[in-house]
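Please take these sequences and the hints and turn them into a complete structure.
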Amino acid sequence: MTSSRSGAGRGVMKSLLIQAWLPILLVLLWFFASASSTSAYWPPLERIATNLVDGIFGGRLWGDIIYSFTNYFIGLAIALVIGLTVGIAVGSSAVLRNIFMPFLDFARASPPVVFVPIIILALGIGPEPKIFLIAFGCVWPILLNTVEGVRAIPASVIETARAYRIPVHFRVAKVILPGALPQIVVGVRIAITIGIVMLIVSEMYGSTQGVGFFILQSGMSFALADTWAGTIFIGIVGYVFTALFAMFEHRILRWYRNEAVPLSRRRTRRMDGLMAEIQGEAAQRVRNSQP
Amino acid sequence: MLSRAVRTRTGVVVARLIVALLAIGCWQLAVSTTLLPANVLPAPFSVVESFATQIISPDYWKAIGDTFAGALLGLAFGIIVGVPVGMLTGRRPLIELSTRFLFDFGRAFPAIALIPVLILLLGRTTDMKAVVVFTAVVFPIIVQAQHGVRSVTASIEETVRSFRIPPHLVVLKVMLPSAAPFLATGFRLGATIAVLVSLGTEVLTGAAGVGAELGEAQQGGDTPLAYVFLLTACILGFAVSAVVSFAQDRLIRWQTEGNED
Amino acid sequence: MSTSSPIKDVGTLRAVGVQKTFGTGSAANTIIADLDLELTPGDVTCLVGPSGVGKTTLLRLLSGLIQPSEGKVFLGDRSITGPVEDIAVVFQDYRGSMLPWMRVLGNVEFPLQARGVGKRERFERARRCLELVGLQDNMDKFPWQLSGGMQQRVAIARALAYDASILLMDEPFGSLDAQTRFELEELTLRLRRDLGITIIVVTHDIDEAVFLGDRVVVFGGRPSRIVDDVAVNLGREREQLATKARPEFIELRTRILSEIKNNGIPTSSVRLP
Amino acid sequence: MSTSSPIKDVGTLRAVGVQKTFGTGSAANTIIADLDLELTPGDVTCLVGPSGVGKTTLLRLLSGLIQPSEGKVFLGDRSITGPVEDIAVVFQDYRGSMLPWMRVLGNVEFPLQARGVGKRERFERARRCLELVGLQDNMDKFPWQLSGGMQQRVAIARALAYDASILLMDEPFGSLDAQTRFELEELTLRLRRDLGITIIVVTHDIDEAVFLGDRVVVFGGRPSRIVDDVAVNLGREREQLATKARPEFIELRTRILSEIKNNGIPTSSVRLP
Amino acid sequence: LVGCSPDTASSDGGAGAGDGGAEITDIKVGRNPGGFEATILADTEGFFEKHGLKAEISLGGDPTTQIASLVSGDLDIAMTGGPDIARAVAQGIPVSVISGAKSAEPDFDGEPTDGLLLPPGSPIKDWSDLEGKTVGIQGLGSLPQLVNNIALTENGVDPATVSYVNLPVDTLMEAAKSGTVDAILPFSVFFLNAVDQGFEKMGMGAREFLPGAPQIVWAASDSYIAANPGVIEAFVAAMDEASQFAGENPEAVRDVYREYSKFPEDFIANRMVLEPLTVVSYRDAWTKMLDAQFELGDLDHEVSVSDVLLDSAP
Ligand SMILES: Nc1ncnc2c1ncn2[C@@H]1O[C@H](COP(=O)(O)OP(=O)(O)OP(=O)(O)O)[C@@H](O)[C@H]1O
Ligand SMILES: Nc1ncnc2c1ncn2[C@@H]1O[C@H](COP(=O)(O)OP(=O)(O)OP(=O)(O)O)[C@@H](O)[C@H]1O
Ligand SMILES: [Mg+2]
Ligand SMILES: [Mg+2]
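Chains as they are written, first to last, in my numbering: chain L, 1 to 291; chain D, 1001 to 1261; chain H, 2001 to 2273; chain G, 3001 to 3273; chain X, 4001 to 4314.
These are calculated hints, taken from the structure and not from any lab test. In this text, a Cβ means the ideal position worked out from N, Cα and C, and glycines have one as well. Warning: the hint list may mix true and false statements.
What the hints assert, rightly or not - List of simulated lysine to aspartate or glutamate pairs, EDC-like, C-alpha gap at most 20 Å:
#, chain 1, residue 1, chain 2, residue 2
1, X, K4125, X, E4154
2, X, K4177, X, D4196
3, G, K3244, H, E2251
4, G, K3072, G, E3085
5, G, K3072, G, D3086
6, H, K2244, H, E2208
7, G, K3244, H, E2208
8, X, K4028, X, E4233
9, H, K2072, H, D2036
10, X, K4288, X, E4265
11, X, K4177, X, E4131
12, X, K4028, D, D1127
13, H, K2244, G, E3251
14, X, K4201, X, E4154
15, H, K2244, H, E2186
16, D, K1062, X, E4056
17, L, K174, H, E2251
18, X, K4133, X, E4111
19, X, K4054, X, E4241
20, L, K174, H, E2085
21, G, K3244, H, D2207
22, X, K4028, X, E4045
23, D, K1173, G, D3140
24, H, K2244, G, D3207
25, D, K1062, X, E4259
26, G, K3141, D, D1249
27, X, K4288, X, E4049
28, X, K4288, X, E4154
29, X, K4054, X, E4023
30, X, K4201, X, D4129
31, X, K4262, D, E1049
32, X, K4262, D, D1059
33, D, K1173, D, E1157
34, X, K4201, X, D4307
35, X, K4028, X, D4222
36, X, K4262, D, D1127
As the list claims (entries may be wrong) - Here are the computed distance ranges between Cβ atoms for each label pair:
#, chain 1, residue 1, chain 2, residue 2, range
37, D, P1084, G, E3121, 30 to 38 Å
38, D, A1076, G, R3120, 32 to 40 Å
39, L, F32, X, P4250, 56 to 64 Å
40, H, T2081, D, P1167, 45 to 53 Å
In structure tokens form, the structure reads like this:
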């Protein structure tokens, strides 16, 4: 870790450069390879970018974006609550696990697209069925990882909690949840992006707006530059969400990496902001992986 | 001791049966009360009937084979590529940082929205299905593997370093077992995602398989048949995932240290 | 024993006809067979025996963490089927028993918080207990930032803070230097004398066992049973140097030492690698 | 020291001007300052000092697991920047250092396998080392199926099997009963005598330190430094009872005991909770 | 970048078509889930063979995937919808219509099988009542939607005030009954089912508002057409004969559906309306459709019939 300000600044720059070189290279490659393309399926990157920028800064897509991502966050939140609750229950009880795991695996394997008719009849064509589908897609990675995370908590820790008769709600909040957290965050990380894909799927039927609707509609209209623009936008959003979550993850899993920040410095630390987090994480990983 | 184990095992089976019957009961109830009309949710019995006719038809098995082929091919490549890539990027921060955008972008990139482009590239073949499946499963597996290799505890890390264990053994004997719970979860997620995506692609493109049959049954208004294929899909996904679970319990025996309730 | 001091009596902790077998079928391994043990309230009982004999297993049985394969454990006339509020445990695996996501203070406070003790009070109590083990300056460190001995003391502080009437300690001073160990031995005796707590200490240090105990139980055999049950008649007031110099002490020490026969590591006969 | 026996000499392990600080900025905490230490090849050096003084940290520095903040560690004239082949370590956290997915045998064999030792030979060697610590009957158990002391012995067997010239042991006998401990102390002396291995033992047991050591290094202070460096002139041949009865032994023991002053737990002045 | 046509076994056999030619050309044909009887009959009754073709018929996906399959060379000739291919051509995708397959025959007097349906008891009585309402459809941008928009315009309602939502076919009817949508635009089996369940027709669908509309067309990629003019010609000829054969042999058609579709037997035997099939395109209907598409913003620039439909097409 660097101690001086300018040192930290340099570290941030370095980390950003490391993160950026490959995407930049690929974008450049794509740009030149597609520049003279006449195929409707492979529009020049320039045109895709123009459409994307127009769509977002021209405000054309804002309504769709807000609609879709409202559904997305509600769905993700529901998945989180259900995934954690069921995951903790099933993970901490061998009996429940034995009985219910096969059913959960079965439900997990059911194609949501096929349930759409029932969902639409039950929930209509408003945001509800979309939220349902997003939650349905997101819940599984969270649930499975929670189950496995809870099972992986060292027996000695569980035994301690039992010996001190920690009541259930406390045990969940202070022992099981933090203990399983390293694996839970993995589930959430995966759910974040699965949710985005489900967002598209959810707007295939019964929709009149939304980013997914826009992408599907443009595909159907053979406006593939728009389709590309939409999918790239979705990809970038996926990156941004994951990056934001990584910051959060970095913070809550500090103990897991054996990295401590003194209590007194916690607050100032927050103000160092995003860059410091990214840089800190990078430096930490470098340190952890010394041969 | 033994009798107790048997009792609990039969107990589990009975409990599972009860849950299954309850679920089917709810289904029947929803149909009987016409909560959901029969052309949306057929009665369980009519589905079973339809199942019986399908199960003897070779076309049914061929469809399953087609769906499986795409799913397993994609999953296999997803594992072959995802595990090493995840382990490498999980341990090497420089590579991880370099590929971070690509991976996070790729994970959210909805390949399904670009199916026309994929058809253009690969045609409506098993390969195309496998590619779509691959793009869907590889990233979850990478993420699981990344976090898995970071789960090696500090004490073990130090032990391994002090005994100068060479990298290949560290990977095989330390990182893989330590990451096993993470990897197994990745495989189980991947297994069902693979079947779902394979099926979804078939529904969307009409490529041969359970999905195409299902789409056709829906188009033809034969709802019980559609449910047969729906259940088939569930069973396929469940089967793949169960195989992975079984292997997990077999291979990760040390985990039995676990918290017995 | 002498009973001039207060005794926190919540009933006698008793093991009756206890047997413990791990595994089933051909892998079955009976560790403890047919054990009867009654712990006098207000006494310090020390448990000694060779490595792997089943001391930890017995402690886990007594605390209700595991159930006997046969027989029962009673506290007073309650049969113990799970951990009870009156018992605090210091685990042999003190490292594993720390919650790594909590700081030292949090680890000590946690059982109190779970019990609903108010914020101020539990902080006060945790602080006092950490002070008792000499860790008042390390309250906001994480467990992995502490040395082995410090972690062990955190585990002791946590058990003390829990304010139980019965304290089960599994090799609680194993990782401590002589000086700190002496201090904590004194503390143990104070706990008994001033608070009347019933204490069980598993230890490998025979001197320690005799010095601390009102009674020393010697474990041995396979499956293990009580080989000897020695009353220590050194009085309640003990002192590191004076007590250990008394002839009764030396005598007891020699007697117990001669009784701990483990399964015999034939070290000297094995060729070095 | 006497040098009639073979010495596996791979160079002298030396710490030169070593300082170790954990944390940065306001959280910086200097544990070891300005330490010079040279370990005579073929000797047993015992390291004693109060809990939390930095003994484990020093061992990790010497083994190359962590790097000094200032100064250097040398083995012969190589500067150590990472673990070297000639050094085996028994960790204080013996539980954590077991690979839970390997059986006992696997854990002991693993470093050998890593070194490319053939299947037969490494089994033979692992088996012999497990026999040395009395665990030949527990080779195919998983670590969590063992008692604390048994796990500790597995860690010792693993280090022995590694066949290094320098053995760093961090409280290796802390969880063992008196009898087993004696056996392993004998084993340690045999290792030095018959194989000429250079051994460093961190211990809290002063008797053990004097009994085992050709030299006892007393650590203390904050940041810690060498308080005393005592040569133990009890000869190479030692015997549990006879040696410990010698007046030189008693004298050294008393001297070292008086030097270990920890930061003083004012236990007796703190009110009990 | 385009024109990649992997494993197009037939690309060299263009000249070998024609009556009774010694050479047989393999073609890969993609069909729809409905309206495909002539295609099957052309195969089973030997019309393809007669014209020197050997067809490998497979079930395709939605119009978008069908068109992509044509461009990729995965299919040589495929069924698709009129409005869909018009959009594709407008966006510069190199495909063209080589022939009609099924049109909304103005002279056919059987029961219509497409159009707007209102659930029983619907408050909607008139086109003007549709303003601000939601209509459930089967595939966005399909012909029924376009036809309905034409109907709305002709009845003085601004189509922009009506919203269309894509629904899975089997929910259309229930969605309307439960009030999730106000009206539906099904076709084929779902249309007839709904009618039997008491749904009310409003208008007569394509037959009334876009007579002769190209409901199903045959398309091929421009590169395939250029390389295999003879195959196209032979294919159209074979399909022409097969369509006539289908018109004359209703029982053969029903048998095709029994074997190749998943329609229930009762429907096939008693309820199915056998609409006439023809390879002929109604160019005035095409013009009207393309104009309407442009006016409704479905096409971003004007497209003429000759851009989409081969001049040589019947
Ligand atoms: N979960 C378990 N499964 C199987 N065997 C076990 C288990 N736990 C303990 N044992 C066995 O029980 C025996 C006694 O173990 P225990 O931990 O009680 O010994 P101990 O007396 O505490 O020894 P130590 O002094 O070394 O800590 C050992 O032989 C051990 O192998
Ligand atoms: N990773 C770390 N980060 C911060 N401080 C640490 C870290 N490791 C050790 N320390 C501190 O260094 C000091 C010395 O620790 P060390 O483990 O070397 O002590 P020790 O002499 O081995 O004690 P013990 O006999 O109790 O094992 C302790 O005060 C501990 O808090
Ligand atoms: Mg024990
Ligand atoms: Mg230490």
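Structure-inconsistent hints, enumerated in ascending order
The structure breaks hints 10, 17, 18, 27, 34, 36; every other hint is satisfied.
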